[in-house]
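> Heads up: the sequence lines are chains R and P, in that order.
Counting with this note's numbering, you get residues 420 to 813 for the letters of the first sequence.
Counting with this note's numbering, you get residues 420 to 813 for the letters of the second sequence.
Calculated from the structure, these hints are not laboratory results.
Note that the structure is predicted; figures quoted are calculated from it, not measured.
This list has only true hints and no planted wrong ones.
It does not matter which identical chain is meant; a pair holds if it fits inside one copy or across any two.
The list that follows gives simulated cross-link-like pairs (lysine to aspartate or glutamate, DMTMM-like), each with its CA atoms no further than 25 Å apart: (1) 626 / 661; (2) 775 / 810; (3) 664 / 701; (4) 775 / 803; (5) 626 / 694; (6) 775 / 694; (7) 626 / 586; (8) 664 / 583; (9) 664 / 702; (10) 775 / 753.
2 protein chains.
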Amino acid sequence: MTDVHLARGYRFAAVHCGVRPDRDRRDLALVVSDMPAAAAGVFTQNRVCAAPVIICRERLPASGARGFIVCAGNANACTGEQGLIDARRMAELAAAAVGCRPEQMLVASTGIIGRPLPMDAIAAGIPQAAAALSPAVNGLDDVAHAICTTDTRIKVASRLLEVDGGEVRITGFAKGAAMIGPNMATMLAFVLTDAVVEPAELHRTLKEAADQSFNCISVEGHTSTNDTALLLANGASGQPAEPHKFAASVSEVCTDLARAIAADAEGADHLITLEVEGLPSDEDARRVAKAIADSPLVKTAIYGADPNWGRIVSAAGFAGVPFAEQDVSLWLGDLPLYRDGAPLPFDAATASAYLKQNREVTMRLRFAGGPGRCTFWTCDLTPEYIRLNADYTT
Amino acid sequence: MTDVHLARGYRFAAVHCGVRPDRDRRDLALVVSDMPAAAAGVFTQNRVCAAPVIICRERLPASGARGFIVCAGNANACTGEQGLIDARRMAELAAAAVGCRPEQMLVASTGIIGRPLPMDAIAAGIPQAAAALSPAVNGLDDVAHAICTTDTRIKVASRLLEVDGGEVRITGFAKGAAMIGPNMATMLAFVLTDAVVEPAELHRTLKEAADQSFNCISVEGHTSTNDTALLLANGASGQPAEPHKFAASVSEVCTDLARAIAADAEGADHLITLEVEGLPSDEDARRVAKAIADSPLVKTAIYGADPNWGRIVSAAGFAGVPFAEQDVSLWLGDLPLYRDGAPLPFDAATASAYLKQNREVTMRLRFAGGPGRCTFWTCDLTPEYIRLNADYTT
Numbered sequence: 420m421t422d423v424h425l426a427r428g429y430r431f432a433a434v435h436c437g438v439r440p441d442r443d444r445r446d447l448a449l450v451v452s453d454m455p456a457a458a459a460g461v462f463t464q465n466r467v468c469a470a471p472v473i474i475c476r477e478r479l480p481a482s483g484a485r486g487f488i489v490c491a492g493n494a495n496a497c498t499g500e501q502g503l504i505d506a507r508r509m510a511e512l513a514a515a516a517v518g519c520r521p522e523q524m525l526v527a528s529t530g531i532i533g534r535p536l537p538m539d540a541i542a543a544g545i546p547q548a549a550a551a552l553s554p555a556v557n558g559l560d561d562v563a564h565a566i567c568t569t570d571t572r573i574k575v576a577s578r579l580l581e582v583d584g585g586e587v588r589i590t591g592f593a594k595g596a597a598m599i600g601p602n603m604a605t606m607l608a609f610v611l612t613d614a615v616v617e618p619a620e621l622h623r624t625l626k627e628a629a630d631q632s633f634n635c636i637s638v639e640g641h642t643s644t645n646d647t648a649l650l651l652a653n654g655a656s657g658q659p660a661e662p663h664k665f666a667a668s669v670s671e672v673c674t675d676l677a678r679a680i681a682a683d684a685e686g687a688d689h690l691i692t693l694e695v696e697g698l699p700s701d702e703d704a705r706r707v708a709k710a711i712a713d714s715p716l717v718k719t720a721i722y723g724a725d726p727n728w729g730r731i732v733s734a735a736g737f738a739g740v741p742f743a744e745q746d747v748s749l750w751l752g753d754l755p756l757y758r759d760g761a762p763l764p765f766d767a768a769t770a771s772a773y774l775k776q777n778r779e780v781t782m783r784l785r786f787a788g789g790p791g792r793c794t795f796w797t798c799d800l801t802p803e804y805i806r807l808n809a810d811y812t813t
Numbered sequence: 420m421t422d423v424h425l426a427r428g429y430r431f432a433a434v435h436c437g438v439r440p441d442r443d444r445r446d447l448a449l450v451v452s453d454m455p456a457a458a459a460g461v462f463t464q465n466r467v468c469a470a471p472v473i474i475c476r477e478r479l480p481a482s483g484a485r486g487f488i489v490c491a492g493n494a495n496a497c498t499g500e501q502g503l504i505d506a507r508r509m510a511e512l513a514a515a516a517v518g519c520r521p522e523q524m525l526v527a528s529t530g531i532i533g534r535p536l537p538m539d540a541i542a543a544g545i546p547q548a549a550a551a552l553s554p555a556v557n558g559l560d561d562v563a564h565a566i567c568t569t570d571t572r573i574k575v576a577s578r579l580l581e582v583d584g585g586e587v588r589i590t591g592f593a594k595g596a597a598m599i600g601p602n603m604a605t606m607l608a609f610v611l612t613d614a615v616v617e618p619a620e621l622h623r624t625l626k627e628a629a630d631q632s633f634n635c636i637s638v639e640g641h642t643s644t645n646d647t648a649l650l651l652a653n654g655a656s657g658q659p660a661e662p663h664k665f666a667a668s669v670s671e672v673c674t675d676l677a678r679a680i681a682a683d684a685e686g687a688d689h690l691i692t693l694e695v696e697g698l699p700s701d702e703d704a705r706r707v708a709k710a711i712a713d714s715p716l717v718k719t720a721i722y723g724a725d726p727n728w729g730r731i732v733s734a735a736g737f738a739g740v741p742f743a744e745q746d747v748s749l750w751l752g753d754l755p756l757y758r759d760g761a762p763l764p765f766d767a768a769t770a771s772a773y774l775k776q777n778r779e780v781t782m783r784l785r786f787a788g789g790p791g792r793c794t795f796w797t798c799d800l801t802p803e804y805i806r807l808n809a810d811y812t813t
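If we strip away everything but chain R, and leave its shape as in the complex, we get (with noise of 0.2 Å):
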């Protein structure tokens, strides 16, 4: 954590207030700008959605906003008006320690489905939280660990833009993708610059960074109710960025949490890469990526390192978007095993060790029928992914 670019003007803490019963996880985290900030966020886009994600919803894109309240062990969905009640006051709580207007606090949740709140004992961390705020580096790991379920390590990345004036920075933060856990929910992801931006740009970078990142992450393709990403531009900086530096920079820190999210899926023994091209549009080549990664076949083939390239091909002819069999070609790593429509001879023991011996391994998929394309990352399905969401009882 020594080599994070840490966007200025902003304190962390996180506590444990007994949202989870382990004592030594926190499971309460509060970021706060030390000045109004721009905000943007973008959401699941399940119909099922969490109360926090309703109230973030209502909030965002807003020019005022002060932080987020985000508790880890309960995802507050399926919680019917008495979510809502409570996440509501949970931002207001958090609103009246820093001292600011409730609408100025955006809040976040993770974790079992269907269970209220422990509103009493969120109301007593809160103001810990408030009192243990803090700019240090230390403040950002804590907040990063205190957000993880069953992720085993935290996710950070930040980049240093040179801009003319000096320099902004833009920190990121998150929680493992998918329905990770036995009854947990959720992605979240926050991203902190002091840039200033306007809010509608904020919104705009966020929106086109997730769409190349955060939605081309799949675990077990099971949508979650919770999934969050908010980015704060709070101007400490000074200094606006240039729209399209400020950007590609967002959407490298973006890439940078949701490859790491995909690593550190349940029981993943592989970081798979996905790079599909020659579709008509981006769109096209991510639901082609997407078939293939939901794949159990796929996956449990990466698993038990067999260059099964069959599978790769018929998941991608069930993706829904036309193309014909005659212009698909496939290369695993640098090794091609399919072109234009045909098997190619290839060394089987070749590409099985390249599956055994890399910890991140590539396809490449090339179509004939346009310029689309986009690079997916999903994981291996292996056994200890069934006993960790099996070996449970609600």
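With chain R held as given, fit chain P onto it using these hints.
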């Protein structure tokens, strides 16, 4: 097999010819109608489809079909131009062996993707099969075994339908759904009747039956390159059947086979029946059911006997079908877990015991959006599924 209602005028044979290495397993099946039969087919929607699927699509519906030849162990998919030549040759050889024109013979395959058919072995096997053709139930039994790949048991279903002038019989057999084996593909189903039916009506009947049966099952959601369902009507009974009664009986046979496929999916511990109702259309209900059925999180929860209803409701939410959360209710067996968008108190031990003690379990999801409904069958996801699909090297 003694209680099967065997459609008259059909003969059956299966031999081992060498498509698969195990000499104790038959791998080539031939079914012949004594007289020209009306024939219809429905096939995989995968853009990457096997050569025999292309051949059958060209030939159906038809009025003069004489039978079909099936090889198991090789899918003849992703095999380029050579695959088409080989599939046509298979049909030609079978036609010659039984004395009909090549285009009267249909063809299907299941097995490894991307390898050329062993045509010498198949060419040697076809006359042997033709010589062994038998109208007895033992012949059907041999054929039902021959088409299996990793199925642990054969799937046969039949109905006897009383008609004015006597009776007609409907006999179906199938092999495992989804891409269920190490590098294996395919659901195959064949339904034979001795009723008198025109090809156009036969096609309509099969299409409707398949939509409510084979299109309502999922093992892991990976659509095969080879899925094929054929329906032959040779009129050997001399009786036309009342169309609605006939359609209902064909649908029952297909549903029996579809359920059997889901119940015998690789590694499956549970047959899960999903009842979805109250959406604008049946297709909406099917999409919701399929999203739930394909979710590894739902499937691992059932395997672990965890009544984790949040996973079920949230899977419905990302099916792409609009609904309001407060319109959703959920039952596990007879136990209500969620009503009108709010969780109900329930005894988790009772719910878990229901999943532990029953090999067949039911979930019912009710919406308030219309008359659309669907019954869908799937299975749980177990470590055995991963073992079967990972412990293999191409």
